[in-house]
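Note that the protein sequences, when read in sequence, are chains U and E. Numbering follows this note's numbering, with no gaps: position 16 of the first sequence is 16. Numbering follows this note's numbering, with no gaps: position 18 of the second sequence is 18.
Incorrect hints may appear among the rest.
Claimed, not checked - The calculated BS3-like cross-link candidates involving lysine-lysine, where the alpha carbons are at most 27 Å apart (straight line), are: (1) K30/U <-> K49/E; (2) K92/U <-> K134/U; (3) K134/U <-> K49/E.
Honestly, the hints are just simulated from the structure, not real lab data. Remember, it's a predicted structure, so these values are computed and weren't measured experimentally.
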Amino acid sequence: MPAHPRDELTGTRCWIGPLDELHAVDLRRKKILFISMITLHSLLLACYTFPRAWVPEKLRVIGQFYARPLFHQQWLLFAPDPPMCSCGLEAKWGTRPWASIDRGPSGYLKRRTVQALARHVQSEVHAGDTIPAKELVHAMRAMALYSEFEPGEGRSLPRVEFRLVESCATDPGRPAQREERVTHLHVP
Amino acid sequence: MMVQWSVIRLFQRTVLLWVIGFTSSAYWGFEALNAMGLSPLYLPSGPLKYVTHALAMLPDGVNDLVVLVAVPLLILLSVHDLLRAPRWWSALLIWFLYTNLMNRAWLAGSGGQQLIANLLFWNIFLSGNRTTAGLDGALGWSFPAFWILRLQVLIAYLATALHKLTGTHWLDGTAMGVVATDPAFGPLWIVDQPFAASLSTWAVLLFQITFPLAVWLLRARYAWMFFGVLFHMATALWMDIPEMGLAFIAAYAIWFDEQTVQRSVPMRRLAGTAGSVSTA
Numbered sequence: 001m002p003a004h005p006r007d008e009l010t011g012t013r014c015w016i017g018p019l020d021e022l023h024a025v026d027l028r029r030k031k032i033l034f035i036s037m038i039t040l041h042s043l044l045l046a047c048y049t050f051p052r053a054w055v056p057e058k059l060r061v062i063g064q065f066y067a068r069p070l071f072h073q074q075w076l077l078f079a080p081d082p083p084m085c086s087c088g089l090e091a092k093w094g095t096r097p098w099a100s101i102d103r104g105p106s107g108y109l110k111r112r113t114v115q116a117l118a119r120h121v122q123s124e125v126h127a128g129d130t131i132p133a134k135e136l137v138h139a140m141r142a143m144a145l146y147s148e149f150e151p152g153e154g155r156s157l158p159r160v161e162f163r164l165v166e167s168c169a170t171d172p173g174r175p176a177q178r179e180e181r182v183t184h185l186h187v188p
Numbered sequence: 001m002m003v004q005w006s007v008i009r010l011f012q013r014t015v016l017l018w019v020i021g022f023t024s025s026a027y028w029g030f031e032a033l034n035a036m037g038l039s040p041l042y043l044p045s046g047p048l049k050y051v052t053h054a055l056a057m058l059p060d061g062v063n064d065l066v067v068l069v070a071v072p073l074l075i076l077l078s079v080h081d082l083l084r085a086p087r088w089w090s091a092l093l094i095w096f097l098y099t100n101l102m103n104r105a106w107l108a109g110s111g112g113q114q115l116i117a118n119l120l121f122w123n124i125f126l127s128g129n130r131t132t133a134g135l136d137g138a139l140g141w142s143f144p145a146f147w148i149l150r151l152q153v154l155i156a157y158l159a160t161a162l163h164k165l166t167g168t169h170w171l172d173g174t175a176m177g178v179v180a181t182d183p184a185f186g187p188l189w190i191v192d193q194p195f196a197a198s199l200s201t202w203a204v205l206l207f208q209i210t211f212p213l214a215v216w217l218l219r220a221r222y223a224w225m226f227f228g229v230l231f232h233m234a235t236a237l238w239m240d241i242p243e244m245g246l247a248f249i250a251a252y253a254i255w256f257d258e259q260t261v262q263r264s265v266p267m268r269r270l271a272g273t274a275g276s277v278s279t280a
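Take the sequences, apply the hints, and build the full model.
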């Protein structure tokens, strides 16, 4: 039985009736429920975002099942190591020379998209595949040809060649010394 | 353990300011519309994809038209909730629109954008009726939401720190030099100062490891947040990831305490504690 609280105005002790007791029990249960919810959510999120080596495989799968649909996030941020090779995608068609696929004035979203496309292609190339996924090729082509044609102009799209240009640091102690690597991409 | 109303209001306003700033700078105009459409359709499994990826699943052409409506609507709702106490339905709509736009342009995504999507989701439970949300002293839905939001910031720091510990360049002090010489990032000047490059590498790693511990001590909390603001502003200025740094700075507001907010005039104003409480 909890101690009777004092009335704030008169200082006299208040009577706690059965309804108040029920309320107190309800509050306690609610608190336990909420704290369990906070703990469970945070633990599952940790299983989803922490390195594989730190999380048992079963918990990682459960974390993925729970967090991926609504709470997706990844916190690599240049981890475990920053990429040793910077990268960019270049395109050419007709008589045009090789140039970045981002030819127009760069908006924030566009700059980031071009960089992400290059990183995806780079990871494929590093895995030994010089034929980028068709979804990536579609995006690369659209980016390269954007602003080259007026909408509805009716011209047939030219055949575009692509290449991945990387600038790689060979010694992390002297990262400014970089060597350029060019990989021609086989685009169907 | 109690939920602090002025802290919540400060947090809501900083996050909404981020949403307005980012949406109007990134998604505006036909150029952005074109860049958005480049992200291939990539759907997670499960029925929730119809909520989080609804926009991306619309046929080409139709979703472009929807974007033209969704972007100004998101900004309008955010301005509304910035000025007036948010209702649960407007917070829900803001999360829905923001998440769908972000998922449609996922190639241009970043951890900062994902962080804000998570913050906006839990913000739904902090908005609206004070009694059901528990902002009038009762134990309501704001209690778990408030603590999940606080822990979310810590999980982000802890996760990235643990990932860095599994590599080599963050430990041997060369990571910042490698990042700085990448033309996509910077700042290049740090390469001429190898000691500064090593020191900043370890300082970042130490900051990310200790932040989740330091915030539990009131005095250390503000010192770490101050360093965090400097660090995130540096990444915003030099590394071309402004929305990432500013997202973390916006999220810091959830770790403020009521007394600090009440003591500072600009913060009290931003929290708008007087007369902004919804009783609907």
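Now the hints, each set against the structure:
no., hint, result
1, K30/U <-> K49/E, "violated, 31 Å"
2, K92/U <-> K134/U, "holds, 18 Å"
3, K134/U <-> K49/E, "holds, 23 Å"
In summary, the structure is inconsistent with hint 1 from the numbered list given earlier, while agreeing with all the others.
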